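Peer 1: If you want the building blocks of each chain, they are given just below.
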Amino acid sequence: MKVLLVAEYRDGQFLASTQELVGFAQQMGAESAMFAVGGGSALPAYDGTLYLADAAQYGEYNPDAHKQLLLSVIDQEKPDMVVFSHSSYGWDLAPRIAFSLGAAQISEVVEASDGALVVPVCNAKLRRQVQPSTSMCVVTLQAGAFTAAGDGTPAVKEISGDAGGAITFEGYEEAEAGGVDLSKSEVIVSAGRGIGKPENVAIIEELAQALGGDYGASRPVVDSEWVEHNRQVGTTGQTVSPKLYVACGISGAIQHLAGMKKSEFIVAVNTDKDAPIGEVADVLVVADLKQFIPALTEKIKAG
Amino acid sequence: MKFELSEEQSLIRETVRDFAETEIGPSAAERDEEERFDRELMFDSLAELGLTGIVFPEEYGGAGADYISYAIAVEELSRVCASTGVTLSAHLSLGANPIYLFGTEEQKQQFLTPLATGEKMGAFGLTEPAAGSDAGSTKTTAVRDGDDWILNGTKIFITNAGEAETYLVLARTDKEAQKHHGISAFIVSKETDGFSFGKKEKKLGIRSSPTMEIVFENCRIPGTNLLGAEGEGFRVAMKTLDGGRIGIASQALGIAQGALDQAVAYAKERKQFDRPITAFQGVSFQLADMATQIEASRLLVYSAAYKASAGLPYSQASAMAKLMASETAMKVTTQAVQILGGYGYTREFPVERMMRDAKITEIYEGTSEIQRLVIGNSLTR
Amino acid sequence: MKILVCIKQVPDMESKFKVDGAGTWYDTGDLAWRMNEYDEYGVEQAVRLKEQVGEGDITVLCIGSDKVKETMKKALAMGCDRGLHVSDDDVSAREPLQIASVIAGFAKDKGFDVIFTGMQSQDRGSGQVGVLTAEILAMPSITTIVDFAYDGGTVTAKRELEGGIKAIVKVAVPALFTCQLGLNKPRYPTLPNIMKAKKKELLSVPVADLLEADARQQTVKLYFPEKKGGGLVLEGDAPDLAAQLVQILKEKTTVLS
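Chains as they are written, first to last, in my numbering: chain A, 1 to 303; chain B, 304 to 684; chain C, 685 to 941.
Just chain A, same shape as in the assembly:
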């Protein structure tokens, strides 16, 4: 099977999701080629052919131009599957390609074992296995669902086409630095009374940063004014449902559980093996958080 991987490039770099596309191809045992509208000296870790159009000419967001460029490569490579990341770039471009090809598009693939494509349904409460009935199909991959892979340098083939399009790109606007809204966080690391003293909030914050998330706290920590109120998780604080919730030194009082039990994956770190938080945790690490959390942070940063 042959796949064409559509990589993303922004602000002078290939996005990390590119390596997940490579990982997907490897997992499928498929032959692959890559397409991107990119530029400068940046290249992904990939040892296949990269069809590269210059972003300076075609723009980082120009659906019409990108579509034409990509279709010309598809025409050359004739892949069985065109693979995008399920991202603001991917879900915008993929349906245009699928429509032009008359191909089925399967969005946000989370699993692809033995060629069976699986996607999430209803806020990821359920899974759906989908079967395309067209010979060629388009897929978008959920961020982080496939392991990053790839090394080496690609053989670059420059491509060109029509740079016009109905939509003009005017520039980027930076994200606002506003107050934290834990209800929107995908990863939360929370501090409980077990951290011992306010200085240890820093350990929690560092782990949160290493995981690309935010830090929160249980009520006693907020009441002691070690952490500000808008980071409180629980009945009198925020209700959160992140992909990962790490409860550090939190016993699991019912008021706290009410605020976080809908988290997709819960890790609890506590010296007490019988702490009530163990009831909702997927993993309970029985350890002193003052040793364990820094060790974990280091491990994650090391990659």
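Errors might be hidden in some of the hints.
Claimed, not checked - Pair ranges (Cβ atoms, derived):
| id | chain 1 | residue 1 | chain 2 | residue 2 | range |
| --- | --- | --- | --- | --- | --- |
| 1 | C | E919 | A | E170 | 21 to 27 Å |
| 2 | B | G501 | C | I849 | 55 to 61 Å |
| 3 | A | K290 | B | D564 | 17 to 23 Å |
| 4 | A | A202 | C | S699 | 36 to 42 Å |
| 5 | A | E170 | C | G713 | 46 to 52 Å |
| 6 | B | F576 | C | K934 | 35 to 41 Å |
| 7 | A | N230 | C | D898 | 30 to 36 Å |
Hints were generated in silico from the structure; no laboratory data involved. Here the structure is a predicted model, which means the values were calculated and not measured. C-beta: ideal position from N, C-alpha, C; glycine also.
Assemble the complex: chain A is given as a structure, and chains B and C must be docked to it using the hints.
Peer 2: Below, chains B and C alone, put in the same frame as chain A:
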């Protein structure tokens, strides 16, 4: 007989519920603790939604909806904040509705429309220190002076007092007449000379709703502010209370439903003896009884509301609804605290507030004893 | 100005779902239904656009059984002028291309200046219908908008990218936009407007009149993911535990690549 809400009624429920949960709910505990009324949140925003005149015709600035829609709105508000529920109910049923029922066209234009649009808030002054259930013992007087009336007296336990601009006041116009004869109804505006406010009550519940004494000292009001005929006041009051009872029954229903929802959610989560407490019939049977009583109360409320909108007599129906819903609210909220145990007794969970809020529904707008009198009379007359 | 806004009726995501008899979708019995959250932003933006321009007509379109009319009423109560109900008792069996084909089939000769759809649906979440509809209609489309400004025939929109960065883009109408959460603050329908919505036109058209595309994909099965095997307890030295946990997070979550 259709036991289904219309599409409009369902949409009203969904809208008021979303609004209540998002806008009103988050500050309910804090406002209760601080005994704070927030007019912008608890009244003006209801006006923006079109709730302040929900049952009145469009020509008077209302939404032209029915009493079931009104019941739904009060229930959904009360489910998260009983104080907000009574703010609306007292304003609409006790302040505005008597003007709709008994007012002249001029009075409706002048007083009803601003109340319906929510530009102004309404209140109702009947209760006095010595005249509660025995409303016929009203001592506040209104004496003719030229074209005007001069009011003297005190009313207590008035909901929305201090905030409301328009007050429906019952006063004795004929000293010779007996008991409930010789009482008349008047519309009094807030900024009138001689009309002042006394102390604000510190209450067990509905602490975010202002309850105050109102005082009339040689308060002069124009003759055009007499509502209905002279001497018709008691009838005005009774008819007003019939409608108000639907409002309070809906408030009680909302409180009960809110408490049940809390109790069910907690019971599913709380594990004791290695299982959620819903696994114990002692608990699940309680929840079953609570839910059944609430549903029965709801049907009584809707039945009274249906009759009110259909122009059928509804005194007995609204008394039954108020009686049942309020007693249900008290029982259900008390059981909810019990189910939440120690946690339910703390202010971290809303059920203790709901229990404190529920009690007043058995007392105001006619105590449960009065409701039984009304129902009994309707059977034995 | 003619505006089309496409909405979908979906179940409340807090519901307890069950797999249906055929094993290919969730059981639709006993669920509470509401407007797809993303679509609420589309309806609100359509109403604001009409208010800004001072004139216009907004059609709200929804596909499904008669049950969806209740959700359409909400859109009408928020300010849409008329509703087009495409009657389809089998809507959950259609795939995105078919949905797009129905919408395009309706829209093709109506001269809409702006079409709004939600960025994705909360249940199926394929995020394709908006763009596919635009492709069928040969109309430009911009996805994931969190800001929309119309000025004399041109729309300046902001797309939300990963990391909270926004991309500013411009396009001339007619164009289609898919709406992301936070685009605006959807209004609560007021009670007078809920009552008035009763009188607004709500036509029903059978799906067979508009559906032209065959399905290009099938659902093989719908199922619950296996339980995470709750309650793994790890004990040992901090560095070892850290390595173990990192491994688990890599396997069981998408948080670490």
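Peer 1: Evaluate each hint against the coordinates.
Peer 2: Status of the hints after comparison with the structure:
Checked against the hint of 21 to 27 Å, the pair C:E919 and A:E170 fails, with Cβ atoms roughly 56 Å apart. The hint said 55 to 61 Å for the Cβ distance between B:G501 and C:I849, and at roughly 59 Å that hint holds. Separated by about 41 Å at the C-beta atoms, A:K290 and B:D564 break the suggested range of 17 to 23 Å. At about 41 Å, the beta-carbon gap between A:A202 and C:S699 stays in the expected band of 36 to 42 Å.
For A:E170 paired with C:G713, a C-beta distance near 49 Å keeps the hint of 46 to 52 Å intact. Taken as a hint, the range 35 to 41 Å holds for the pair B:F576 and C:K934, whose Cβ atoms sit roughly 37 Å apart. Evaluation of the 30 to 36 Å hint for A:N230 and C:D898 yields a failure: the beta carbon distance comes to about 51 Å.
Hints 1, 3 and 7, counting from the list given before, are not met by this structure.
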